Amino acid sequence: MTLARRGHEYPEQHVRVYPCPADISKLYHKPSGPIEDVWPSTQLTYLGTYLQQLGCKTVIIEEHYIDRDYIYDVTLYYARSLRAYPNYCQRIHFFSEAFDDAAWRRILTEAAAGGEGLRAATATLQHGYLGFTVVRPLAGFPIGRTVLKTVGATTKETWRREFTCVRDYTVHLAGYELHVSGLAFQQQDRGVSACATTALWSALHHVSPIERLPAVTPAEITEAASRYSLNANGRSLPSEGLNIQQVCEAIRAAGLAPLVIQRSDPVEDKAQLLGYSRSGFASVLAVGPVSGATHAVCTVGLKVGSVQPATNPPMHFLDAATAVRGLYIHDDRLGPYASVELFDKTVAIEGAKPPQPTFRLRTGMKIRWPDGTYEADEWMLHAVIVPVPVKLRLTIARIRSLGYGIAEATGLAFAGVMPPVQLDCRYRLATDYRASAFGFRLSDAGLYQLTCETVLSRYVGAVEISSGGAALFDVLLDTTENVAHRALLACVRREGLPDTAIPVMRTFAKGLETVAIV
Amino acid sequence: MTGGSKDARAAKTKEDVLTVLDEGQLLALLEQARQNVKEIAKRALEGEVITGDLLNMRLRSFR
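From first to last, the protein sequence lines are chains R and X.
Using this note's numbering, you'd call the opening residue of the first sequence number 48 and step up by one each time.
Using this note's numbering, you'd call the opening residue of the second sequence number 38 and step up by one each time.
Possibly wrong hints are sitting among the right ones.
Listed next, the in silico DSBU-like pairs over lysine-lysine satisfying Cα-Cα at most 35 Å (straight line) [stated by the list, open to error]: (1) R/LYS203 x R/LYS392; (2) X/LYS79 x R/LYS196; (3) R/LYS438 x R/LYS196; (4) R/LYS196 x X/LYS75; (5) R/LYS196 x R/LYS104; (6) R/LYS73 x R/LYS104; (7) R/LYS196 x R/LYS400; (8) R/LYS392 x R/LYS413; (9) R/LYS203 x R/LYS104; (10) R/LYS196 x R/LYS392; (11) X/LYS75 x R/LYS438; (12) R/LYS203 x X/LYS75; (13) R/LYS77 x R/LYS413; (14) R/LYS77 x R/LYS104; (15) R/LYS400 x R/LYS203; (16) R/LYS557 x X/LYS79; (17) R/LYS77 x X/LYS75; (18) R/LYS438 x X/LYS79; (19) R/LYS400 x X/LYS79; (20) R/LYS557 x R/LYS413; (21) R/LYS400 x R/LYS413; (22) R/LYS196 x R/LYS73; (23) X/LYS75 x R/LYS392; (24) R/LYS77 x R/LYS196; (25) R/LYS438 x R/LYS73; (26) R/LYS104 x R/LYS413; (27) X/LYS75 x R/LYS413.
It is worth saying that the hints were derived from the structure and are not from the lab.
Source: prediction; values computed, not measured.
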């Protein structure tokens, strides 16, 4: 007699091609035992609906795939379970072109000719490539790292979709190198990660490579979050969710700085969402009903309509933040790029009695479910947590508080002369800003001054003043400072500023005690 | 100051208007603008006030 043979074999690899099923959940196994929620899960229904929207026609399944995030989960948690969880996953690739196994083999043969053949085969696959999802061997929580393309440029209301927090992912499939632009999403597994873990993991996926920091896994986030502060139940695993302080600890451990912003009035909330999203910083949002449990999601993009006129109090400029109509979020109860509409919600102020105001406006959120319905309860924004580079200290709020005065002064100076003046505030990478300066219509001396004689922080804060869609001038701020009026670097002429208006900008620069670059 | 400059604007062409305000008037305009936005500039910073309750807010999935 001999012992059972264990640990000698390697897992098998197969790459198979199938038509994309109308019901994507057919590819997945129903978990055994009583179903806790619904089957197919909301996440699988959402994934199927989203793939239909992208026009998915073919799937390619890699039966063996090592996923870095999952293998860390195994190391931290699943390796010590009684059930023998494998340390590998499967991966499904999605394509908008219809092809079968024979066509797939033909493409491989063509690529074997090398040179032009390989380039042509890669181009064929890349043309219809929609992205991938990792299938974890976790019953009920199979959706691992998932990167999918974003949907089209406009909504049915003709609002502009701005997916400002996506990046390029390189994907290797059977020797081909493919690319997909998106932001990684994954479902919480309720073992290693909860909603805050996966939301933060997605947010870090965008900023970490820009800052040349290593990508952290959900397991590393959970460990870092609970290093100094445990959950209410006294243990870090299984994860029952994180509080905001723990999220901040995990951000610090990832080599970044946490920026926590409390909800304010709807315009200011939108300004924060606009400012950080347009600067490429994905945020973790704390959202939920007025009171009770709070959920975490990650912002990926914005829905932007037209800018609203100034109302209360009447100002002489428009605020770009009023154009924000909604968001795209990674919500692990749903999936990637879930659609959110923002609205002004009136809520009672606890304990307030007339003549004091008894109500105030808050930012309401309607999150759309796969069947097109919205959350039963209307939710609200409670807080925004942004992982930012450590040296970035000047907040969007402080940039705006300075920008308000500049926009108002410009609006007063140009009233009746130009279309309404508009204020927008964001961060720009200094290298990108200098590169874009060639299109600013600067004089030779001005261009030289900006590109060769002006010091800029790695990220500059930009107060952007425009009129009728044309940029007039930018006020640049040093973001390594934390007080806006001490951080002025330069006032830079933009392509939309008429020559006759240059003296106005020069004078404002003088009033702000900074240099004018024209 | 601003009333006078508004009258001047009405009678001038676009190019003229941009040169009609002298440096002193523009600096005064900048100061006036700062006063106009005082309240909203203060409101912009409201979100930076962080409480202990907020930091202890637990984030967990439900539905």
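Which earlier hints can't be squared with this structure? 2, 4, 7, 12, 15, 17, 20 and 25
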